[in-house]
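With the hints as extra help, turn the sequences into a complete structure.
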Amino acid sequence: MSGLNNRAGGSMKSVGLSRFAEQGSPRDIEGAISCSRRDFLRGISGGVAAAALSAFSPLRAMTVGKNQKAVVVTFGGGTRDEETFMPDGRENIPHLLKDFIPQGTIFTQVVNRGILGHYVATASLVTGVYETFNNFAAVSPDNPTVFEYFRKQLHRPASDAWVVAPSNGFGLIGESSHASHGPGLGAGVILPKRLLAAAVPANETAGYEQLLRDNYESPVYAPVLAVSDEQLHQMAQLLRVSVADFSAHARSLRSPDELSVYVAKQLMQQLAPSLLWITLHDIDVAHAGTYSLYIDAIQRSDRLCSEIWNAIEKEPEYAGKTTMFILPDFGRDSDTSAGGNGFQHHRTGDAYSRTTWMIVKGPGVRENLIVDRPVESTDLVPTLGALFGFSPNFSHGRALPEVL
Amino acid sequence: MSATPLRNEDFRSYPPEAQVLVARNLTLFQQLPRAFLMLLLREIIAYDWKFPAERDEIERQLRYLGSLKTQELANALSPFAKIELSPELEQAEWISNPSHFSERFSAHLWATHQIDGFSEAAENYIAAFNSAVPEKAALASRLGLVVIGREMGESSYPLFRKLRSHGTYFTAVDRSSDYKVLLDVVADRAHRYPVPYAHWCIYGADAAAPQSKQVASVSYFSLSSVRGDLIRKMQGSSASHLGPEAMRTRLAETDPAAVGMSGQNVDAVLSHFSVSVLSEGAGTQIYSTTFVQWTAREALRRARPLTLLAKFAPRQTEESADEELQGIQKKPAFDSQGSLIDADMGAYYTWINLQRLSGAEDSAFLAWFEGHNEALAISRSLAAGKECRDKVSLAEVLHRMQSTT
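These protein sequence lines are chains F and E, in that order.
When we follow this note's numbering, the leftmost residue of the first sequence carries the number 1, and every step to the right adds one.
When we follow this note's numbering, the leftmost residue of the second sequence carries the number 1, and every step to the right adds one.
Calculated directly from the structure, the hints in this document are not laboratory data.
Be aware that a few hints might be false.
What the hints assert, rightly or not - Covered, in the sense of this in silico footprint (three residues per stretch, anywhere, with C-beta under 8 angstroms from a C-beta of chain E), are these stretches of chain F: (1) 280-293; (2) 325-338; (3) 343-352.
Cβ atoms here follow ideal geometry from the backbone N, Cα and C, with glycine treated the same way.
Written out as structure tokens, the structure is:
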């Protein structure tokens, strides 16, 4: 929080530090960030600006049906332009640039006007409403989630909507406390770390430490061993993988996100849910202040997105009928924001920490299209609603016609 | 949000000098909106352990506020007065523990979408008081020196990429250049400008510092036992499932004496600073590169030094840090490649933070990769965005910067 001590005594403009300082208000800066991202993307991909299109044909309307599937991947622990869509960041996202941008639509100005904490921001993404609960509280979202709309209105079974989330704190993200929806209508939530913690005896965690790390804002590992043996074996049956195989495979992985993607791929093979939400979280290692680990995590997330898309292409249940959405939950503080410490945190609420992007790829989605009008992160749920054919009545967002 | 009646006895838990400051300004404080006063008290409660520059800033604020007529004061602080508190916050104890209250207040501002308005109000207020009661000009131009330790090893990583457009990039610095050259510069400036806490040496490992009372020296190595105590405190909080916010609050409440930093020979101001770096900085307890970057940032922000030397050393690997946090580490393993990237970013951030201080346009900055050929120097006397391939010693680079050092 901004204090009253002087943190900005020197003139930042005088040394040309603040890339967009001369743009003025936060909304002006958000626009400038978007323009910069758009210009960069045009430079590398020759992308077409959406503004150049006079109208949108209703491609999606012809293809909506029971076969439609969607996979949403969020980069929990947001990324900044500096390390992604600016020239120096290009080396960190080769798969997004090569495999996604030319074949998909990118929104270059996705603004999150809510609380910039990962759990509450993810809750806002899944409800389409800026949730306002304590980020560290173990509570369900107040408003109906996308999973509840999906299941209730389309009469889908519980097996058709799943969340794979990185942190033990995300255990209640699958369904809301809303009176008209709530218990029994949400998505199943798998917390791979909790599964692993339950699968590995407490005295044999050596070699798994890097997978069990939970909350990067509080670096001490604090497992919540709330999974019973029965639940563990049920989950093993569901995923068709033995506890022993799960543990053994986990040992070969480097990070919690790799474990999440492994579990997500098992889910896709065994249950083929139509709505699958995967929250990556490795990037949030930035809170430790180690730039190199933050960069490693962005590169890993980029690679994992490609792996997920490859899995979509490979699985007959998904190939040719799946739309993939990739978006950070929000950004991180700018280098020049006096109240922050650059990439390390997302505490200032400055335009950089609020403005991010979204890539959409799949059948019917326009290729190589750059949309630089401002949209909000709450627009995702109505877009999924239009894609599947349900009405997210309580959502405050608006469907994005550019990908429908 | 209305002003609150206050009495001297409400501040009995404050340290002695802070109590005197409060007593002297109680009438003024009674006119301030709570959202504003709470933040001011967060600074005042630690007044006894503040650096001279911080004390000066608090006193300038009080002079500025005290100089305003009643209506002017109300107008200046009206954005703070308009902030709405929840009933719980209205009832909460805030005078004796303003830091704890401010955490809850911050969460409230975010949840009620008042954070942007509050940030804007704070920025406008800072600009107004700095304009009305300006900071005194620095005694000399400031100098920032960042050393990337030779232990980082060879790498193809493009060093100083973010700094190059601001200064001259030297690519043929004599590899045998001695680090002692920089220590001599610090010692010389400390001798010429003998101001308390105006000259700093910050180390990611253990290193020799100039033997001078005028040089504040902090190292990751020398704080090992304090780090250990804080990590154990974190483990205790974790075992109690207190949650990240409560853990942060508990860490921030750490008294230096509780982690072995007390006694007649201990500099109370510096020990409070060191503990705050380790208890309030994320990652500073386990990664030496983070420790150096954050310590340099905090030293620049708080002490506003004339000279700052920060030397990065290899940090431990992520796996090794996990072992340390769990209390099962036998011997740390180091990540020299990752540390180089961290240190490079740390150098950039140190320069940015130097630029935030008064007199930034006259300051000078050097980042040097010890034992290698690369250095980046920024000063009025050097061209920006230029690469220099001359074979030069470190002393020669300093000489070329000298018009501002």
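Consistency of the hints with the structure:
Check on the stretch 280-293 of chain F: 8 of its residues sit with their Cβ under 8 angstroms from a Cβ of chain E, so the three-residue criterion for coverage holds. For the stretch 325-338 of chain F, the proposed coverage by chain E is satisfied: 3 residues have a C-beta within less than 8 angstroms of a C-beta in that chain, meeting the threshold of three. Remark: the stretch 343-352 of chain F is confirmed as covered by chain E, as 5 of its residues place a Cβ nearer than 8 angstroms to a Cβ of that chain, reaching the required three.
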